[in-house]
Amino acid sequence: MLILDCPCCGVSGEETEFHAGGEAHLKRFGPGSSDAEFHDYLFTKENPKGVHLERWRHANGCGKWFLAARDTMTLEVYGTYSAQTTEPPQDIKDKISAKRPGWSWREFS
Amino acid sequence: MSDAKSALPGARYEGFVKLREMGLQGMITLRGDLASAKLAAAVQTATGTAVPGQRQIVTEGDRAAAWMSPDELLLLVPYAEVADIIAAIETALAGEHFLAVNVSDARAMFRLEGALCRDAMAKLSPVDFSEAAFCPGDFRRSRMAQIAAAMWMPDGQSLQVICFRSVAQYAFDLLSAAAAPGSEPRLYG
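Residue numbers (the UniProt record's numbering), protein chains in the order written: chain A, 1 to 109; chain B, 1 to 189.
Keep in mind the hints are simulated off the structure, nothing from the lab.
Just so we're clear, the structure is a prediction, and the values are computed from it rather than from any experiment.
Quick reminder that beta carbons are idealized off the backbone N, C-alpha and C, glycines included.
Fair warning: there could be bad hints in the mix.
[As the list claims (entries may be wrong)] Among chain B residues calculated to face chain A with C-beta under 8 Å, some are:
(1) Gly53
(2) Gln54
(3) Arg55
(4) Met68
(5) Lys123
(6) Pro126
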């Protein structure tokens, strides 16, 4: 069971109040991209054992989307942050680095 | 005009807390920039209250304004006045980016009364209902078993719940079962 803090409404809620929305920080490839790029955008997702960045929605709550950094192995939540960002905030990166030195996730580390 | 009826008119249950359906209640969803002075003035005119802070509800007589999300309020007003109030909001906010919708007939409202109302609600929602975390003035959206619900405490002895009208019977059955005599969890009282 995860306890997530919604950065939009400030609720510290348990997992069943939220809905997971897949990988965070997706770079979209739409019209004009190659078939290979579009395929990878649709189907090639990160599935790490360890640090993972995900989208979540506060479905039974304020209804807003946000992003979460968590660990798929220990279920520790490193932090949640605004969906209106292109990379995790430095303080969350620092928290992950403290627990998992040398971590990386796509282009972030 | 058609004869408006609430979801479960007069539905009641008496267990270790009293449960009743609240009847027709005017509700307006107001979305927009909650920091805007124009919106604050429109809320003041509609409900006689200020714009509530994050996860708060402010009450004035038979009216209230509740914080639903960073860009959404729920205004509770007398059922018969909803159309006039929406017209006034639309005039006051002309030119702003906003939305005011009558959701009165899309919702159902229930009230739990009794010293153990926190205990009954705690069976259904993953929310900390202790006095330290939830007290009159707080407004919490969460779930009640399988359905979305919003709750607040009008006073220390009662708890009010709003859910979608389409699940009103389910909500009433849930709350009745949670209030069944002899099933008090006594977490909080």
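Comparing the hints with the structure gives:
The beta carbon of Gly53 (chain B) comes no nearer than 10 Å to any beta carbon in chain A, farther than 8 Å, and the hint placing it at the interface is violated. Look at Gln54 (chain B): its Cβ gets to within about 6 Å of chain A, closer than 8 Å, so that hint holds up. Checking Arg55 (chain B) against chain A: minimum C-beta separation of about 6 Å stays under 8 Å; hint holds. Of the supplied interface hints, the one on Met68 (chain B) holds, with its beta-carbon coming within about 7 Å of a beta-carbon of chain A, less than 8 Å.
Taking 8 Å as the C-beta cut-off, the interface hint given for Lys123 (chain B) is violated, the closest approach to chain A being about 14 Å. The criterion of a C-beta within 8 Å of any C-beta in chain A is met by Pro126 (chain B), whose closest approach is roughly 5 Å, and the hint holds.
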